[in-house]
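Colleague: Keeping their order, the protein sequence lines are chains A and B.
Residue numbers for the first sequence follow our numbering, beginning at 479 and rising by one.
Residue numbers for the second sequence follow our numbering, beginning at 29 and rising by one.
No lab work stands behind these hints, which were simulated from the structure alone.
We treat Cβ as the ideally placed atom computed from N, Cα and C, and that holds for glycine.
No false leads were slipped in.
Here are some chain A residues pointing at chain B (derived, C-beta under 7 Å):
no. : residue
1   : Ser-521
2   : Leu-522
3   : Ile-571
4   : Glu-582
5   : Phe-585
6   : Gln-587
7   : Gly-588
Once the Cα atoms are required to be at most 20 Å apart in a straight line, the calculated PhoX-like pairs of lysine-lysine come out as:
no. : chain 1 : residue 1 : chain 2 : residue 2
8   : B       : Lys-130   : A       : Lys-519
9   : B       : Lys-64    : A       : Lys-519
10  : B       : Lys-64    : B       : Lys-130
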Amino acid sequence: GAVVSQHPSRVICKSGTSVKIECRSLDFQATTMFWYRQFPKQSLMLMATSNEGSKATYEQGVEKDKFLINHASLTLSTLTVTSAHPEDSSFYICSASEGFQNTEAFFGQGTRLTVV
Amino acid sequence: GQQVMQIPQYQHVQEGEDFTTYCNSSTTLSNIQWYKQRPGGHPVFLIQLVKSGEVKKQKRLTFQFGEAKKNSSLHITATQTTDVGTYFCAGLSGYSTLTFGKGTMLLVSP
Chain A
479 GAVVSQHPSR VICKSGTSVK IECRSLDFQA TTMFWYRQFP KQSLMLMATS
529 NEGSKATYEQ GVEKDKFLIN HASLTLSTLT VTSAHPEDSS FYICSASEGF
579 QNTEAFFGQG TRLTVV
Chain B
29 GQQVMQIPQY QHVQEGEDFT TYCNSSTTLS NIQWYKQRPG GHPVFLIQLV
79 KSGEVKKQKR LTFQFGEAKK NSSLHITATQ TTDVGTYFCA GLSGYSTLTF
129 GKGTMLLVSP
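Isolated chain B (complex conformation):
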């Protein structure tokens, strides 16, 4: 079945440093979504990428979808303590259900 791998599992940065999490799918995706889950909370939708090579920005967050539509990345510039949480990618392929990566837990020290 479809597998979505996400790395790293965990990253601890100093406030102001950049952060990137990577997502790779075993199959070509029709779209990829990114979610953020704050400690103790539930996942909240951030963005969806559909087109090959698509790049979208939300303030300090940059999302990319690979040309082959099998990989994606989320980059945060100049992290802040409010960025703390676990970031999940989730891929959709054909008529399958959304498959979540294992997530990257981000810890930001002031």
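Bound conformation, chain A alone:
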């Protein structure tokens, strides 16, 4: 199947700093990528839909100025957690599909963010 690569897998940062997470589709073009947040032993919470060449669509309750999403090419989307705080510590996962509908989602490996 298709491969989605997410980097870094783990990051520890100081409170107040920003962290960038990259999500790449390695062998297909993804006009749309999705960013999720997952708390321990809980489900995937959709944060935003990243659209290539346009602004991301954020889910209700997600601060767009805090979680900056850039989808500059058909194979790369980035999520930047700005001015991170300990409550932002979580597991962040991206996903992408080859098609728009009725196709499976391929997930990145996820990024474990710890803010100290």
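We have chain A; now place chain B onto it with these hints.
Modeller: The following block gives chain B in isolation, referenced to the frame of chain A:
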């Protein structure tokens, strides 16, 4: 908005016992997908169901899509320790994004 409910949240079985997780949508779905997430890993696609009343099998796993296309189930026969993980259903309705259920965490004791 679309909601996908999944039960149970957690199940602990002895190896060899069967396991079933159920998924219900508040709206009619165009398709439903199932994913498995191993502890510490990321969700991996298992299968997609599209047709009303569809039943698909993967070895010991049986997936069903309800006649009304609003519910689905995943049944594992004779569980093994390798089945441990969280199983998510995810529904697609119209032009909405994929909506995930909360998942069922399966623990299998040897």
